[in-house]
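A.B. asks: For reference, the chains in residue letters:
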Amino acid sequence: MAEVELKNIRKSFSRGAFVALRDINLRIPEGMFVTVLGPSGCGKTTLLRVVAGLEEPDGGEIFIGGRKVNQVPPSKRNVAMVFQNYALYPHKKVADNIGIGMRLRGYPKEEVHRKVENVAQMLKMDGLMGRYPKQLSGGQQQRVALARALVREPEVFLLDEPLSNLDAQVRDTTRTELKKLFKGIKATVVYVTHDQTEAMMMSDLLVVMQDGAIRQIGAPGSIYREPVHLFVAQFIGAYRINLVAGLLTEHRFISDDQAITFDVKMDYQGKVLMGIRPEHLNVGAVEEVCLKGEVILVESLGGSDLISLKVGQNELRALSGGTGELHLLTTASFSPAKAFFFEAKSGVRLRSGPQI
Amino acid sequence: MKRAVIYFLLGLVFVYCLFPFLWTILTALKPQEEVFKLPIRYLPERISLENLKSVFYKRPFARYILNSLLVAGGATLFTLWAASLIAFHLRKMEIERSLKIQRWLLIMAIVPPALLVIPVFMAMKKLELVNHYLGLILPYVALNLPFAIWMLHAAFRQLPKELDEAAMLDGFSSLRILLGIILPLSRPALAVAAVLVFIFCWNEFILALTLMPSQMRYTVPVGIAMLSGTSVYEIPWGEINAAVALTTVPVILLMGLFQRWIMEGLTRGAVKG
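Each protein sequence line maps, in turn, to chains H and X. So the first sequence is numbered by the numbering used here: it starts at 1 and just counts up by one. So the second sequence is numbered by the numbering used here: it starts at 1 and just counts up by one.
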């Protein structure tokens with residue numbers, strides 16, 4: 001296993017018309033499961049392809065295990081990649097699909113056979129070795145793609161949305177299996193996805209990207225608790241964060257429609273967006289800041305409900321236990337400590353205390 | 001009722017299209033004296049292999065066939081080899097550049113071969129390739145390349161790019177990706193291109209006539225055109241028909257054999273799936 005380091009990586013397409021990566025600096029520690037998360041078009045797949053050597057960066061340096069690999073062809077970088085569409089060789093049987101990389105690297109036939117068998121057993125697909133990819137289900141094809149990566153025992157695994165072509169149930173079980181598997185072999189994994197749930201559940205380290213730049217790097221929990229940017233706060237979290245436009249003035253937040261006001265420990269003066277997550281907005285007057293609103297929609301999630309409240313001009317969603325009695329008029333409350341403030345123009349998170 | 005009308009009309013068209021060919025075969029099987037008999041008899045009274053025999057025994061027709069096979073076969077192999085390399089490269093190229101090149105290919109395919117006869121003849125004379133197989137193979141390859149590249153590129157484009165990339169990571173060389181992955185997966189298109197290029201070369205007349213003027217180098221179409229009787233006033237229709245039948249039947253069989261693939265190749269990519 002090896003660490004991966006990117007220094008000042010830049011990449012653009014169509015003669016600079018589209019910038020995919022702007023000055024990326026990233027260190028992926030050895031043996032860590034790192035997820036690169038972002039909406040489509042944010043450059044996350046390009047980042048992965050640069051590491052794999054399938055895309056040549058316009059500038060910057062790539063290191064794998066301390067070795068600079070800018071000029072090293074993909075096959076010599078000792079990385080394995082799982083593609084979103086699996087890219088299995090349709091005319092080769094499963095066993096050949098898995099083993100061909102080792103055969104081309106000159107390993108003896110018996111050793112390749114033994115390793116392929118091992119991986120097949122590990123992924124519980126012994127019975128499929130003689131079939132062609134077309135004869136397999138989506139989940140099985142995904143396993144073959146994974147096996148093809150595993151069998152070579154590379155220093156770094158690169159996974160490009162490997163679960164996005166699976167249906168919901170298979171995806172759920174595969175996600176858990178993948179995590180266990182990579183934990184077990186202590187592999188360095190770079191995993192690209194646009195699914196924040198997947199990213200939160202699987203990774204040791206999360207890299208959030210937007211418009212070709214890294215917005216935030218951190219453990220999933222810390223990014224959830226302390227987003228540094230409006231974009232990150234919106235992107236991370238199972239439920240969309242509530243945002244209220246307003247003004248911060250003299251340690252007080254006043255929403256634009258003046259329906260929501262409360263005291264804050266902020267020195268910043270000016271236009272802001274206040275963010276509060278649905279899971280931190282409680283039904284009932286149990287917390288410091290109380291809001292009276294009209295219930296306009298209740299979405300049942302089974303164990304809990306998502307309740308949409310109209311407070312002044314704002315529509316806020318609260319996650320409730322699903323047991324409380326709901327009236328047409330309901331009070332919701334939250335603790336000011338759970339609220340985030342973002343500068344209205346730049347989206348940068350404002351911290352309590354004096355701003356620099 | 002409606003169905004019967006449709007079949008009747010289809011039958012008419014079928015007979016209309018096939019009649020000249022049928023007549024050729026029937027005439028080929030007639031003995032010499034029956035060919036000119038009046039009133040015309042379509043079905044031979046007596047089936048005779050006289051014409052077929054004379055084509056081979058009195059004239060070097062076997063040699064013509066060999067020439068044609070060598071030229072058409074060589075040109076087909078050469079064309080497919082070059083076309084698959086070029087199409088493979090087009091596939092890896094940036095889309096804008098690839099489109100530009102494809103546009104030029106189409107333009108080149110528009111040039112009528114007859115226009116090229118004189119310059120090509122001069123060139124081959126300079127290269128001392130007149131009456132040489134290569135001297136005919138080269139222009140055939142040049143004429144067929146745009147079409148073949150275009151056809152193969154259309155097939156290659158259907159394959160996901162990730163296949164090449166996965167193969168690159170697996171340690172395939174570029175040539176191995178082409179030979180081991182792209183070509184096996186494009187077999188229908190290859191077959192179609194091969195058959196169509198072969199048929200073009202098999203039938204081509206003007207260049208063959210100009211570039212291989214010595215009798216021992218005649219290809220089949222030239223040989224047929226040059227079949228003559230003992231005097232200028234005698235046209236050996238029986239032999240001509242026998243020769244035509246002989247050379248057309250294998251091509252038709254070839255088409256029939258690859259028909260399924262040809263249909264698949266020509267309609268490939270028309271619908272998703």
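Among the hints, a few may not be true.
[Said to hold, decoys possible] Lysine-lysine pairs mimicking PhoX-like chemistry, simulated, CA-CA at most 20 Å apart: (1) X:K161 x H:K92; (2) X:K92 x X:K2; (3) H:K115 x H:K186; (4) H:K134 x H:K93; (5) H:K7 x H:K68; (6) X:K161 x H:K134.
[Claimed, not checked] On the chain X side, residues computed to face chain H include the following (Cβ under 7 Å): (7) P44; (8) E45; (9) E165; (10) L169; (11) D170; (12) L175; (13) L183; (14) P184; (15) L185; (16) P188; (17) A191.
Simulated from the structure, these hints should not be mistaken for laboratory data. Each residue gets a CB set at the ideal place from its N, CA and C atoms; glycine is no exception.
A.B. asks: Compare the structure with each hint and give your call.
C.D. replies: Consistency of the hints with the structure:
1. X:K161 x H:K92: Holds, at roughly 17 Å.
2. X:K92 x X:K2: violated, 52 Å
3. H:K115 x H:K186: This hinted pair holds, its Cα atoms lying about 18 Å apart.
4. H:K134 x H:K93: This hinted pair holds, its Cα atoms lying about 10 Å apart.
5. H:K7 x H:K68: Roughly 11 Å separates the two Cα atoms, so the pair holds.
6. X:K161 x H:K134: It holds: about 18 Å lies between the C-alpha atoms, which stays within 20 Å.
7. P44: P44 (chain X) check fails; min Cβ-Cβ to chain H is 50 Å, beyond 7 Å.
8. E45: violated, 56 Å
9. E165: Since the shortest Cβ distance to chain H is 5 Å, the answer is holds.
10. L169: Result: holds, 5 Å to nearest chain H Cβ.
11. D170: holds, 4 Å
12. L175: violated, 13 Å
13. L183: Violated, because the Cβ-Cβ distance from L183 (chain X) to chain H comes to roughly 10 Å (cut-off 7 Å).
14. P184: Since chain H brings a Cβ to about 5 Å from P184 (chain X), closer than 7 Å, the hint holds.
15. L185: OK, holds: L185 (chain X) within 7 Å of chain H, min 6 Å.
16. P188: violated, 13 Å
17. A191: violated, 15 Å
The structure fails hints 2, 7, 8, 12, 13, 16 and 17 (numbered hints given earlier, in ascending order).
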